[in-house]
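These are the residues of each chain, in order.
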Amino acid sequence: EADIYQTPRYLVIGTGKKITLECSQTMGHDKMYWYQQDPGMELHLIHYSYGVNSTEKGDLSSESTVSRIRTEHFPLTLESARPSHTSQYLCASSPKVGDVSYEQYFGPGTRLTVT
Amino acid sequence: AQSVTQPDIHITVSEGASLELRCNYSYGATPYLFWYVQSPGQGLQLLLKYFSGDTLVQGIKGFEAEFKRSQSSFNLRKPSVHWSDAAEYFCAVGARAGGTSYGKLTFGQGTILTVHP
Numbered sequence: 017e018a019d020i021y022q023t024p025r026y027l028v029i030g031t032g033k034k035i036t037l038e039c040s041q042t043m044g045h046d047k048m049y050w051y052q053q054d055p056g057m058e059l060h061l062i063h064y065s066y067g068v069n070s071t072e073k074g075d076l077s078s079e080s081t082v083s084r085i086r087t088e089h090f091p092l093t094l095e096s097a098r099p100s101h102t103s104q105y106l107c108a109s110s111p112k113v114g115d116v117s118y119e120q121y122f123g124p125g126t127r128l129t130v131t
Numbered sequence: 002a003q004s005v006t007q008p009d010i011h012i013t014v015s016e017g018a019s020l021e022l023r024c025n026y027s028y029g030a031t032p033y034l035f036w037y038v039q040s041p042g043q044g045l046q047l048l049l050k051y052f053s054g055d056t057l058v059q060g061i062k063g064f065e066a067e068f069k070r071s072q073s074s075f076n077l078r079k080p081s082v083h084w085s086d087a088a089e090y091f092c093a094v095g096a097r098a099g100g101t102s103y104g105k106l107t108f109g110q111g112t113i114l115t116v117h118p
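Going down the list, the protein sequences come from chains F and G. Just so we're aligned: the first sequence equals residues 17 to 131 in this note's numbering. Just so we're aligned: the second sequence equals residues 2 to 118 in this note's numbering.
Looking at chain F on its own, in the form it has when it is part of the complex (with noise of 0.2 angstroms):
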């Protein structure tokens, strides 16, 4: 079972203000993924990467960017929080690419409310 990483858990923030969401994970594996839910909703993709320096754009449209510098490691930012960024944010990793089992392991999420 992958063990992966989500702070803070929960975030309360002005418009505004520039934020970071961390997600980590320490089972090598070479995808992640950044999913945003609201309040018993479905979930939708913001943000994959298969790699180091590989990020790409998910189905749902966010203004949100990612970054992959190291494996473990996929941070999320927001230049400038809006109340329409209130949701929560969800992280997720599976193993490597060509790897035929590849179901997604989750975060607990992060919550943020920007007021």
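Hints listed in this document are in silico derivations from the structure and should not be mistaken for laboratory results. It cannot be assumed that every hint is accurate.
Beyond 12 angstroms from chain F on every Cβ pair, some chain G residues (computed) [to be verified]: (1) V14; (2) E16; (3) E21; (4) S27; (5) A30; (6) T56; (7) Q59; (8) K62; (9) S74; (10) P80; (11) H83; (12) W84; (13) S85; (14) A87; (15) V116; (16) P118.
Covered stretches of chain F, as calculated for chain G (at least 3 residues, CB under 8 angstroms) [what the hints assert, rightly or not]: (17) 59-72; (18) 120-126.
What follows is a list of derived Cβ distance ranges for each label pair [said to hold, decoys possible]: (19) F:L76 to G:T6: 17 to 27 angstroms; (20) G:S71 to F:T42: 38 to 48 angstroms; (21) F:T36 to G:R78: 39 to 49 angstroms; (22) F:G30 to G:S71: 50 to 60 angstroms.
For each residue, glycine too, the CB sits at the ideal point set by N, CA and C.
Could you slot chain G onto chain F? The hints should help.
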């Protein structure tokens, strides 16, 4: 493009009763299929997965699911529900190798399960 439909938004069962959560998918070939469970304020935990072979798959916590190609379904079942099973359940489909969807999962809207004592 792949898609997943979970027709039931909310299901309520009594403790000890049997459970079936429905999942229908749309995909051009045989997909990878998953069921996840999410407790309030938590991330998702994988319950079970189908890749190939036996169409009845066993998972953790006493859950099982059956892949029915003819019905494009992957319903989740449990013979006797426990109060601790109350949570939200997500079905997901993943594309097989090749194409722009490779490695990505598409999730259904989720089914909230309430368990009455």
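Hint check:
no., hint, verdict
1, V14, "holds, 19 angstroms"
2, E16, "holds, 23 angstroms"
3, E21, "holds, 20 angstroms"
4, S27, "holds, 15 angstroms"
5, A30, "holds, 14 angstroms"
6, T56, "holds, 18 angstroms"
7, Q59, "holds, 15 angstroms"
8, K62, "holds, 14 angstroms"
9, S74, "holds, 18 angstroms"
10, P80, "holds, 24 angstroms"
11, H83, "holds, 22 angstroms"
12, W84, "holds, 21 angstroms"
13, S85, "holds, 18 angstroms"
14, A87, "holds, 14 angstroms"
15, V116, "holds, 18 angstroms"
16, P118, "holds, 23 angstroms"
17, 59-72, "holds (count 4)"
18, 120-126, "holds (count 6)"
19, F:L76 to G:T6: 17 to 27 angstroms, "holds, 18 angstroms"
20, G:S71 to F:T42: 38 to 48 angstroms, "holds, 42 angstroms"
21, F:T36 to G:R78: 39 to 49 angstroms, "holds, 42 angstroms"
22, F:G30 to G:S71: 50 to 60 angstroms, "holds, 54 angstroms"
Of the numbered hints listed earlier, not one is contradicted by the structure.
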